[in-house]
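There are 2 protein chains.
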Amino acid sequence: MAEQSLTVPRLRGVTREQFLEHLYPQRKPLVLEGLDLGPCTSKWTVDYLSRAGGVKEVKIHVAAVPQMDFIRFCYVYFRTLPFNKLVQRAAEETHKEFFISEDVADIRQQFPSLGGDIKFPAFFKEEQFFSSVFRISSPGLQLWTHYDVMDNFLIQVTGKKRVTLFSPRDAHYLYLSGSKSEVLNIDSPDLDKYPLFPKARRYECSLEAGDVLFIPALWFHNVTSEAFGVGVNIFWKHLPSECYDRTDTYGNKDPVAASRAVQILDRALKTLAELPEEYRDFYARQMVLRIQDKAYSKNLE
Amino acid sequence: MAEQSLTVPRLRGVTREQFLEHLYPQRKPLVLEGLDLGPCTSKWTVDYLSRAGGVKEVKIHVAAVPQMDFIRFCYVYFRTLPFNKLVQRAAEETHKEFFISEDVADIRQQFPSLGGDIKFPAFFKEEQFFSSVFRISSPGLQLWTHYDVMDNFLIQVTGKKRVTLFSPRDAHYLYLSGSKSEVLNIDSPDLDKYPLFPKARRYECSLEAGDVLFIPALWFHNVTSEAFGVGVNIFWKHLPSECYDRTDTYGNKDPVAASRAVQILDRALKTLAELPEEYRDFYARQMVLRIQDKAYSKNLE
Numbered sequence: 003m004a005e006q007s008l009t010v011p012r013l014r015g016v017t018r019e020q021f022l023e024h025l026y027p028q029r030k031p032l033v034l035e036g037l038d039l040g041p042c043t044s045k046w047t048v049d050y051l052s053r054a055g056g057v058k059e060v061k062i063h064v065a066a067v068p069q070m071d072f073i074r075f076c077y078v079y080f081r082t083l084p085f086n087k088l089v090q091r092a093a094e095e096t097h098k099e100f101f102i103s104e105d106v107a108d109i110r111q112q113f114p115s116l117g118g119d120i121k122f123p124a125f126f127k128e129e130q131f132f133s134s135v136f137r138i139s140s141p142g143l144q145l146w147t148h149y150d151v152m153d154n155f156l157i158q159v160t161g162k163k164r165v166t167l168f169s170p171r172d173a174h175y176l177y178l179s180g181s182k183s184e185v186l187n188i189d190s191p192d193l194d195k196y197p198l199f200p201k202a203r204r205y206e207c208s209l210e211a212g213d214v215l216f217i218p219a220l221w222f223h224n225v226t227s228e229a230f231g232v233g234v235n236i237f238w239k240h241l242p243s244e245c246y247d248r249t250d251t252y253g254n255k256d257p258v259a260a261s262r263a264v265q266i267l268d269r270a271l272k273t274l275a276e277l278p279e280e281y282r283d284f285y286a287r288q289m290v291l292r293i294q295d296k297a298y299s300k301n302l303e
Numbered sequence: 003m004a005e006q007s008l009t010v011p012r013l014r015g016v017t018r019e020q021f022l023e024h025l026y027p028q029r030k031p032l033v034l035e036g037l038d039l040g041p042c043t044s045k046w047t048v049d050y051l052s053r054a055g056g057v058k059e060v061k062i063h064v065a066a067v068p069q070m071d072f073i074r075f076c077y078v079y080f081r082t083l084p085f086n087k088l089v090q091r092a093a094e095e096t097h098k099e100f101f102i103s104e105d106v107a108d109i110r111q112q113f114p115s116l117g118g119d120i121k122f123p124a125f126f127k128e129e130q131f132f133s134s135v136f137r138i139s140s141p142g143l144q145l146w147t148h149y150d151v152m153d154n155f156l157i158q159v160t161g162k163k164r165v166t167l168f169s170p171r172d173a174h175y176l177y178l179s180g181s182k183s184e185v186l187n188i189d190s191p192d193l194d195k196y197p198l199f200p201k202a203r204r205y206e207c208s209l210e211a212g213d214v215l216f217i218p219a220l221w222f223h224n225v226t227s228e229a230f231g232v233g234v235n236i237f238w239k240h241l242p243s244e245c246y247d248r249t250d251t252y253g254n255k256d257p258v259a260a261s262r263a264v265q266i267l268d269r270a271l272k273t274l275a276e277l278p279e280e281y282r283d284f285y286a287r288q289m290v291l292r293i294q295d296k297a298y299s300k301n302l303e
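In the order they appear, the protein sequences are chains A and B.
If you want the working numbering, it's the 1-based position in the first sequence plus 2.
If you want the working numbering, it's the 1-based position in the second sequence plus 2.
Here chain A stands alone, though its shape is the one from the complex:
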């Protein structure tokens, strides 16, 4: 189907120095194997999590999209549930993801008893840390393709996931609506509706318990859970702190300068709309050429 499919490189036993000097600057996805994640990978069974997390009420964000069209058929909701119920429910259901959505979350503070079981890879400075989030997924769940604006380690603690990534440079093949791709069935897309989609280069990987996937900011990712599993996302700031939107809870609001640029662009488009179609089209194309000339990078792959 896809014209090109690439395998995300897997590296074993990478040190902090190797990561920071040679890997991180490349801004490409990478699976890190054999990092010391603490005892969580063996300890975090359904029973253990239910006991250790206890009956603490958590606000959750339930995503249930086995490839439904999230635009016409939005099946995402928020609710409150005791943590132990949440874990048991996820283990029994299919096609659901339970994503604990406190205001800027940190599992080490929300669940001190569980926080002691997991070590975060020390591959960024503590002051860059933004959030850590539980992702408790039922088998079969496929989360739509989207990007986040922060760098992200997806720690696969238990279970198994298949992740497909797309480069930020291929965004124009992904039929975006905000930060999400409209193409839900990425393995067998509707080519009448999404003819350019196969041009997007796919980067594929499988995550097993103990694997850590580095998802650089802006890289699109689509995640399918192949078995019940617990993951932890760690988001951190790659840009200086002031670049990010202060009201961002989930690490997915565009940087301040980007949002402002789009707002200004909308004013330009409103001005252009004063002209009849033929002229508007022509000058819109000139504006595109100008953006490509002035703001596109010649160095990025």
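It is possible that part of the hints are untrue.
Just so you know, same-sequence chains aren't split out, so a pair can sit in one copy or run between any two.
[What the hints assert, rightly or not] Simulated pairs of lysine-lysine, PhoX-like, Cα-Cα distance not exceeding 20 angstroms:
id	residue 1	residue 2
1	Lys296	Lys195
2	Lys201	Lys30
3	Lys61	Lys296
4	Lys239	Lys58
Hints listed in this document are in silico derivations from the structure and should not be mistaken for laboratory results.
Assemble the complex: chain A is given as a structure, and chain B must be docked to it using the hints.
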């Protein structure tokens, strides 16, 4: 060389009503034959023009570009010359065009004795009239590919021209620098420098004495004079008067709303430039998608 070459349609004996109802709204180039242009087509010899135009000093704009690179090697200059000298000079030289460049010109006022010899096609309202300009061309002159923002009749009074036109929708294949294409040798372009140029659809026509070429605003045109000849350009306003730049002398300044939109866009790009390259590139691409979605026409060919 070119992938596609189309012939500009030629129509004989078109009436004002036919033009306005059926042809003008299509916004495509067209050669009109057999219009009543008055006695100019037979009368305007070098001798007659020299006598009738007399020694009146005219400011002229001399373009001498038999395919030179006008960016590195700008061979365009302004000077003042008596009209009779100008006509004789053009008839003797090669590769030059003498374009009388008064402030917003009207040959009927500049040369009342010649103005009586030519009838302008009455295919627009008198209040839409912008300017009429002499173009006195030596054989071999090739004028670079450019667009004007006003509608234009190129009246071939004497001599012979070959005109190649390109649609405004193909602007992105033309390597523009302002309103001009950088590709000077359109018949044998440097494909290392201009690889996309052959994708631009070419519309070709030959003009003989008595032919009138309708060049819709924004259509790119490249004009080669095959013999000494006199042409008259008539520019008129297609848009409401207030859309045009009041300081426009030659009918080639972009409409006010278009210039303002580009200025606003530049502010957006300045804001975007606060972000590191990777983010700037990404959001620049998002901006392009936004322009394509909001301002490109789906109806234009």
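Would you list, in rising numerical order, the hints stated earlier that this structure does not obey? 3, 4
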